[in-house]
Structure formats: C-alpha cells, structure tokens
Amino acid sequence: MPAPAIEARNLTKFYGKLKAVDDVSFTVENGELFGLLGPNGAGKTTTVLMICGLLKPTSGEVYVKGLNVQRNWDKVRKLIGISFQDTMLYEKLTVEETLMFFARAYGLTYGKAKENTEKMIKIFELEAKRKILVEKLSGGLKRRLHMAASMVHDPELLLLDEPTLGLDPQARRRIWDVLEQIREYGKSILLTTHYMDEADRLCDRVAIIDHGKIIALDSPSNLKTKYGEGDKLTIMVSKNVQAVAENLSKLDFVKRVDINGKEVTIVALGGLKRLGEIVSAIQNASSSIENLSVVENTLEDVFIALTGRRLRD
Amino acid sequence: MTGIIVYATKTLKTFYRRRGAFLSTLLVPLFLVLFYGFMFGKVFFGGTEITLNIGVVNLDQGVQFAGNFTLNLGEYFKAMLLNTSKTFNETDGRSRFTLKVFNYSTIENATRAFENGTIDGFIVIPKNFTLCLISNESISIYAYGDPSDYVKYSTFTSICRELAISFSLRGRPIVGVEEKSLTIKRKTFTYFDISAPGMILFGLLFVTTSSAHVFASEREHKLIDRIVMSGLSPSEIILGAFIAMFAVAFLQSMLCFSAALTLKACMVGSIPEAIVVILCMAMFQVALGLLVSIYAKNTKTAENIAWMIVAPIMFLGGIWWPIEWMAEPFKTIGKVFPPSMGCELLRAIMLKGATIFSEKGLITITSLIALSIAMLIAEIYLAKKHIFKPR
Chain E
1 MPAPAIEARN
11 LTKFYGKLKA
21 VDDVSFTVEN
31 GELFGLLGPN
41 GAGKTTTVLM
51 ICGLLKPTSG
61 EVYVKGLNVQ
71 RNWDKVRKLI
81 GISFQDTMLY
91 EKLTVEETLM
101 FFARAYGLTY
111 GKAKENTEKM
121 IKIFELEAKR
131 KILVEKLSGG
141 LKRRLHMAAS
151 MVHDPELLLL
161 DEPTLGLDPQ
171 ARRRIWDVLE
181 QIREYGKSIL
191 LTTHYMDEAD
201 RLCDRVAIID
211 HGKIIALDSP
221 SNLKTKYGEG
231 DKLTIMVSKN
241 VQAVAENLSK
251 LDFVKRVDIN
261 GKEVTIVALG
271 GLKRLGEIVS
281 AIQNASSSIE
291 NLSVVENTLE
301 DVFIALTGRR
311 LRD
Chain R
1001 MTGIIVYATK
1011 TLKTFYRRRG
1021 AFLSTLLVPL
1031 FLVLFYGFMF
1041 GKVFFGGTEI
1051 TLNIGVVNLD
1061 QGVQFAGNFT
1071 LNLGEYFKAM
1081 LLNTSKTFNE
1091 TDGRSRFTLK
1101 VFNYSTIENA
1111 TRAFENGTID
1121 GFIVIPKNFT
1131 LCLISNESIS
1141 IYAYGDPSDY
1151 VKYSTFTSIC
1161 RELAISFSLR
1171 GRPIVGVEEK
1181 SLTIKRKTFT
1191 YFDISAPGMI
1201 LFGLLFVTTS
1211 SAHVFASERE
1221 HKLIDRIVMS
1231 GLSPSEIILG
1241 AFIAMFAVAF
1251 LQSMLCFSAA
1261 LTLKACMVGS
1271 IPEAIVVILC
1281 MAMFQVALGL
1291 LVSIYAKNTK
1301 TAENIAWMIV
1311 APIMFLGGIW
1321 WPIEWMAEPF
1331 KTIGKVFPPS
1341 MGCELLRAIM
1351 LKGATIFSEK
1361 GLITITSLIA
1371 LSIAMLIAEI
1381 YLAKKHIFKP
1391 R
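Here the protein sequences come in this chain order: E and R.
Following our numbering, the numbering of the first sequence begins with 1 at its first residue and continues without gaps.
Following our numbering, the numbering of the second sequence begins with 1001 at its first residue and continues without gaps.
Be aware that a few hints might be false.
Listed next, the in silico DSBU-like pairs over lysine-lysine satisfying Cα-Cα at most 30 Å (straight line) [what the hints assert, rightly or not]:
#1 R:Lys1384 <-> E:Lys56
#2 E:Lys142 <-> R:Lys1127
#3 R:Lys1297 <-> R:Lys1389
For the chain E half of the interface with chain R, some residues (derived, Cβ under 7 Å), not all of them [said to hold, decoys possible]:
#4 Leu54
#5 Lys92
#6 Tyr106
#7 Gly139
#8 Lys250
#9 Phe253
If you want the footprint, here are the derived chain E segments under chain R, 3+ residues with CB under 8 Å [stated by the list, open to error]:
#10 8-15
#11 80-87
Hint data in this document are derived by calculation from the structure and do not stem from the laboratory.
A virtual CB, placed ideally from N, CA and C, is assigned to each residue, including glycine.
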C-alpha cells in the first residue's frame, strides 16, 4: 500500500512563548484535495511551512510520501510544489521565462521543461501573456503564474497556501476551475484557506483549525451535517399549515419549526439530505408544497458552532 | 552545472532588465573614464606628440694614427644620433616622437641639464670607445635616464640600443648599452595617466554593490524560500550568481579599459597582463559583493554595507591616486586592502611596464584569486547554514 501523501504526527510549533501549532495530526491521502480552513493566525501557514521543511517543528514529525521531511529534505523538496501565500515571482522575467526557470531549477531537461511550460501556460490560460514581464501582470494573473510555477516540475504533492487571497471573485473562480482541472491529474493537494466557500467547493476533506488546533476534520458535507444550526428550509404549503408544522416538528432531525402565514420554516441538520422525509410529513398532513427555498448550512455555521465566533472575527 | 547556468541566466536577465541599475553600473564608470580622459589626458593637450631631448657626452679620446690622423668613433656615433634626429619621426600607434640632440662636454653638465628638464636623458660615450673597437673588444655606451618617466625612458633606451646595433652592423664588434638610472622625480605623466588604472577598477566597486543586491533582493521579495524549495543547491546559486555578476564586471571593466586606451592613457606594459589583473580584481569584487548579499536582509542594508566596504577601498586603496602619494599612516592602512594590491599592480603595468610574472605580480594575482575562492567557499557554507536550513 503506497504511503500517504502527507502524514503529520503531533506537530507543535512555538514562536517564543506563543504556541502557533498545537499537537496537530492529520493524513492527506494520495489524490486527495485536503483543506486547512481557519481564520488568519490559526496556524495554517506554519503547518504548511513545517510540511515543506522550511520550518522545524518544536515537536512532532511530518512524512511526505513516507519520507521524514527533516531527515530527507533534499528528496522531499523535489516531491513538493509549493505556492506560498505571498506571490513570489521575478518581476523582470516574462511569464514563459519564469516557468522555464523554475522547471530547469528543478532539474528538468530543456525539452521536458519546455513541454511542461507549455502545459502550464495552457492550463492556467496564460497564452496571451507568455512574453509579458511579470511586473506588467494583474494580481490575478500573477497568482495564476505563481501557482503554475509551483507545479511546472510536475510534483506529486502540491501545497497551496491561501491561493486566492486578495483576488476578486472572478479571479478566484478561475483559480478554482484550474484546481478542479488539476485534481483530475490525480495530484495530492493541501490547500489552506479562510474562505469557507472555497473549502466547501474544492476540498474532499477539511480540517478546521483554530488557535493552532484542529477542532474538526471531515468532508465538508459531513461537517455541515454534524455541526451548526442546520439547513434552513422555507416551505410554502397549499393548506393545513398547523398540521404540517406539527408533523415536521415530530421529525427527530428537525431542530426548529416556525410558521408565517402559509410558510413553514424548519431548521434541520442535514435537512437537504432528508428532503424525502420532509415531503412525506407534508403529504401526511394532506398538504402539498407550493414553493420551497433552502438556505444551506455552511462551513461558516460549522465554525461558529464549534468556536462561538465567526471565521473572520 | 545546469543549475548554475539556469541561475546565472536568470540573474543576468533580471539585472539587464533593471535598466537603471544596469546602465549606471556600466555607464557611470565609463563616463568618469571619458571625462577624465578628455579633461586631463593627452587628447586636448596636443599630447599625441612627445618631444624627446637627448644629450650626448662624448668622452672618447680616439686613437691617433701616423700623420696626426685621429680616429674618434665616438664622433661617428654622435653623428649617427644627429642623423637619426633628422629622420626620427616615429609613430607607435599612439604617440609621435620628435627627437632633439644636445651636446655636453661633461657628465656633470649633462646631469644638470637633465635635472632642470632641458633633456630627458643622455648618452655617455666612454673615453676608450674607439680604442676598444679597433682592438676588437666590445664596449658599452651609458644611457642615463629616469625609468619612472617610462614613456620617454623606454623610447630613449630603445633608440640607444638601435644605434648600438646599427653601429655594430658596420662590421665592428658589438657595442652594448648600459642603462644608468637617474632617480630624479619629474612628473611627466598626465593626471589621466595616473588615475586611469584606478578609474578602470573604480567601476568594479559598482559591481560589488550590484552583487550585494543579488540575494538581498531575493530575500526582500521573499523569493529566497522559493529558491530553497526548488531543486537548486547552495553551490549552484552562489556560483550562478558569481558567473552572472562576473560577466557584468568583465563587460564593464573592458569598456572602461578600452575607453582609457582610446583616450591615450599611458600603457607601457602588456595589455593582456593588464586584462588579467582587471579580471582578478573583478573576481574579487564580485565575490566580496556576494558575501555581503548572503548576510543582508534587504537591498537597502546590502547597499549600505557594500558602500561601507567600498568607500575605504575607493579612498585608501589606490583607486583615485597612487598609494605612494599618500601620507605614511594612510599608506599603511591602504596597503591592508587586498584590492589596493591589484590597483597598484595595474598602475605599475600601465605606467612602468611592470609584469604579472614578477614576484610582486605573482603574489598579487595569487592573493586575489585565492581570496576570491575563499570568499566563494565561505558563501556556499553560509548559504547552507543560514538559507538552506529549516528555520
């Protein structure tokens, strides 16, 4: 059985007296897109820096593809592609030169470097900008190039630290599209973010990290089913509003039922997944659904439920 | 090796595209050479023409033959010199010499004329000149001059040797030339002649500051972690940066050197040997800049540290004036700087015809190369210790 892409065992990091990462353990499987979701200063970047070996853990160990990072750093460096939080590029190189430089720096032959450069230019839609100096690119394009440069050597594991930080919604969506495209190549990806929608849309599993500790780890849908208020369904029924409300409140997963005219609003953990049971309850009250609107439980709600505060507080 | 080339190419490209830095590194020193060359060189002083005044003291007593016929070959020699002065109109590609001959009866008179600047050197024909020659014995004439006035001295002695050879070719035994050094200090170089060697090397101080920027800039723009995470090794980035900045230093110093020669800076010694010294200095200055670069946290700090190192070299290391002109305490301080050795050697090659193959020359060259290599090794070690290591 192949070793997991990342195995973090009881990682702890102190900066002086400040405990930035507190006994963090998790595993990223091969081909998985794993998210570290948490507010600024939660310890996400510190964790990433320990995984790539730039930062020494105060205690604990990290393994990448079964190799201890501290002991095999030279080998591990070549397995990893890292996109740091800050865009780190040579302003005076062109897009194409940047990709060629990083590809060659990783020891790729000229031919292979050229081939990978072309591939990255295509994936990240940089064709029109290939001869443009980095300093002339917009923030979104720089971010795309930054990510392209981190994977131009075709690494097995990709570490993306806040890849969409500071980008406008359109640029963020383009990065998401690219990431979805990349995951199809079977790469293992660790992504840190404080955007819940990003983690929700992209990640197979998410670890929610706060004050250096992992407070929950599961797939986004499971997290949303387990924690928080739940999905909010507002149902307009044809008749018998009281009976519908009574039937719905009898369902064990329904936390709250409110009536407003012909509208019944229920709050239920995993409510969307159990829509069948809700519809049956309404029909049992000799009523039918005229209109339905849903506000889904979010990872933000999960975070609030777990920590008592919002993700961006 | 690929890593070195990749990093060197990247460094060169980024440096070249920082137009301000690139042009100031190349053009400021070149501008200074051109400015000093035009201002103080030979170009606007009619300096292409040098008048060489030679004195002759004929002490030859000759040999008396029957019938009161006296043969005085010294007079023949003198006549040949006078004849030469009429036809001497030599061009060596840079300077044209006009020769004038003056007669003196005694060495004392000739020495006085030399001291007051009337003549640039004098020939003494010994009293047994004719006697030796007709007895088939070889004899030397004496060439008195000031070797520190190398341009004139070397021309003067070469005229003496040519005359001696032509005299010998007339079927007589070989006439030798014995050079006699007169240690009278007479400034005959232009200010540009003296300052040009330092100015050529002055440009390399700019390369030191530019080299100090290389890793400091990577650190400032947070690119250093990116470089560390790439497959490049410490030795690859150090040697890559060294090659790139050495190429810049080479281009810049050769531009300045060519400009100095074009503006007729005195070049008595061998040009290839001067280039070797310049290249050794370039190696040293680039390695010095990179050493600063390893430590400096940002480009501002790098620049400050680099100038703190470069400024004393500039003023005390023989760049703007020869170390021998400085007062004794400063002279001692100046000699401490390794670049001052290179600067003095280049000046000696250009003004006095010194060679790198002399003991002093070899020591200087070896020291500069050894120090450069030592600095590069230290940089690789420091990069491993401070950059390529988990924090």
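Can you list which hints this structure breaks, lowest number first?
-> 2, 7, 8, 9, 10
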